Amino acid sequence: MELYQRTIHELHNMLKKGETTSVAITDSVLKRIDAVEGKVKSYITVTADIARAQAEAADKRIKAGDTSSPLLGIPIAIKDNMCTEGIATTCASKILGNFVPPYNATVVAKLKQAGSVLCGKPNMDEFAMGSSTENSGYFITRNPWDLDRIPGGSSGGSAAAVAADECIGSLGSDTGGSIRQPAACCGVVGLKPTYGRVSRFGLVAFASSLDQIGPLTKDVTDTALLMNVIAGHDPKDSTSADIPAPDFTKALKKDMKGLRVGLPKEYFIEGMDPQVDKAVREAVRTLEALGAKVSDVSLPHTKYAVATYYILATSEASSNLARYDGVKYGYRAASPKDLLDMYMRSRDEGFGPEVKRRIMLGTYALSAGYYEAYYKKGQQARTLIKRDFDEAFKTVDLIATPTAPTAAFKIGEKSADPLQMYLSDIFTISVNLAGIPGISLPCGFTAENLPIGLQVLGRNFDEESIIHAAYAYEQATEWHTRKPTL
Amino acid sequence: MKITKKEVEHVAKLARLELSDQAKDVFTDQLSNILTYVEQLNELDTKDVPPTSHVLDMSNVMRDDVPQESLSQERALANAPDKAAGHYRVPKIIE
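Chains as they are written, first to last, in the working numbering: chain B, 1 to 486; chain F, 1 to 95.
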């Protein structure tokens, strides 16, 4: 087995025993990137020189006897919407094409402190707006399992890089499913933590009440290890929760005794791929065999989630993206005739079509005369969706669903119809509206050998039960050991 | 709900987006479709339902007002498309 194929915990053990070095691991990953990047195109920026220097520094620490950090010397990719000091952070947008942040996002600083190696900044949908990574302002990323298909989005580059072994683990961000849906499409593990669990400081804002950073990894143990590094209160993010983060590796338990799992009937709908339905039901039977108590639950407002989301997320985006005005950083149109012309043309030339569409929708929803009918109504619907989960979690500890109604679709299949694209997020969006945590992990393959994702949801700040269930399932199955042929 | 091209032009101006004529036509159709879809929220009785703007049980977060190190002027200006004499430079706004 090549070093690039291994997990964080395997490599950490090898480093501890002196069986390999961070330089060897990093070189292995960089060679892998050279070999397959032409096909997959996961990265906007590969930081080879920085990675080598950080690997050398990690090896020095290890040589001096410091092996306490499980991330020490491990190559990690960080989605290109998280600020990396001195390293281009484009958000896959032309408007930030030449932006070099003067500071690190808190998660980046924490990973650096843990001694991890930054191997690159993966591609994404521009400003994290999309479900396929086709909305990148630069290029399309391809699904390592089938190069004619999308890797999911918006963290498509992060998921593809993990699946193609172009990094050992990665960070993504999730506003409406942007970690979980690409994890499902690429057959990797992706966790969206509870809103407030991980600092958003230095994450380029899309919809501030919904955005959350989380890990994408090759297995659930690695998810726990990355969570141990990035979780926790940050005074620089006023919405980060002042709640101590647990040791998530303590939740890695092999049986499900005592855990109650709910199946919401609203997530097993017509129009869903029967192969997805079958795989998820089979996965739930496995959880039951491991000792979980399974029952039906209802989340009656599920069908309103997509509509609610596309009002609230676009409203927040229209406000957040007002800062791109061609003054302080980012793109400015050539020879503006006055200030207004500079704003109007810089934004028109700098933003791609999906971003403009969402700014327009959000601006409309917030504009005079429509605020009550759209924005306020959306916020009230959000309350009802949140109450559904509060009610369900009175009788169950976890909720199991498919992550997406289908496996990865073909490139171009949905790009002409924005509404069809939005509906591919139907099973992931409610989670962001309610703030709760959710994981996606592989639970089977379609006849075309495309990965299928199982989504497990938990109560606010109970990532531990999710990690517990995901680990127990993973250890009882072999889906996570399969790799795409590239 | 159908929106008109004129409304699209108005919203584009509010959003400071100089849209091409073709983009205005496309957005008129697409935004009408999305707004029609969103109208299903009107089925919900929300008379006594409080709005949720934020899921965490917290209000204003304050910190002590202690001077701290901040970005230097040079670093703060490093990404500016145009700058002069320690300031961001923009097109003339006063005649």
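Any given hint might turn out to be false.
[Said to hold, decoys possible] In silico lysine-lysine, PhoX-like type, Cα no more than 20 Å apart, as pairs:
1) F:K47 x B:K386
2) F:K13 x B:K337
3) F:K47 x B:K337
[As the list claims (entries may be wrong)] Using C-beta positions, here's what the derived DEER-type ranges look like:
4) B:D390 x F:A84: 16 to 26 Å
5) B:I243 x F:V26: 24 to 34 Å
6) F:D65 x B:P244: 55 to 65 Å
7) B:A48 x F:V26: 33 to 43 Å
8) B:R61 x F:D48: 22 to 32 Å
9) F:V26 x B:D66: 48 to 58 Å
10) F:N79 x B:K394: 29 to 39 Å
11) B:L339 x F:E69: 29 to 39 Å
12) B:A447 x F:L14: 45 to 55 Å
Source of the hints: derived by calculation from the structure; they are not laboratory data. Everything numeric in this text was worked out from a predicted model, so none of it was measured. No residue lacks a Cβ here, since even glycine has one placed at the ideal position from N, Cα and C.
Each hint tested on the structure:
Among the hinted pairs, K47 (chain F) with K386 (chain B) is consistent with the structure: their alpha-carbon atoms are about 17 Å apart, no more than 20 Å. Using a Cα cut-off of 20 Å, the hinted pair K13 (chain F) and K337 (chain B) holds, with the two alpha carbons roughly 17 Å apart. A hinted pair counts as satisfied when its Cα atoms are at most 20 Å apart, and K47 (chain F) with K337 (chain B) does not qualify at roughly 49 Å. For the pair D390 (chain B) and A84 (chain F), the supplied restraint of 16 to 26 Å is violated, since their beta-carbon distance comes to about 55 Å.
For I243 (chain B) and V26 (chain F), the Cβ-Cβ distance of about 45 Å falls outside the hinted range of 24 to 34 Å, so the restraint is violated. One distance hint, 55 to 65 Å for the beta-carbon pair D65 (chain F) and P244 (chain B), is violated here, with the actual separation near 26 Å. For A48 (chain B) paired with V26 (chain F), a C-beta distance near 40 Å keeps the hint of 33 to 43 Å intact. About 59 Å separates the C-beta atoms of R61 (chain B) and D48 (chain F), a value inconsistent with the hinted range of 22 to 32 Å.
A beta carbon spacing of about 57 Å between V26 (chain F) and D66 (chain B) agrees with the range 48 to 58 Å that was offered as a hint. Our hint of 29 to 39 Å for N79 (chain F) and K394 (chain B) is violated, since their Cβ atoms are close to 50 Å apart. At roughly 33 Å, the beta-carbon separation of L339 (chain B) and E69 (chain F) lies within the given 29 to 39 Å, and the hint holds. Hint check: A447 (chain B) to L14 (chain F), Cβ distance near 49 Å, so the stated range 45 to 55 Å holds.
This entry does not satisfy hints 3, 4, 5, 6, 8 and 10, going by the numbered hints stated previously.
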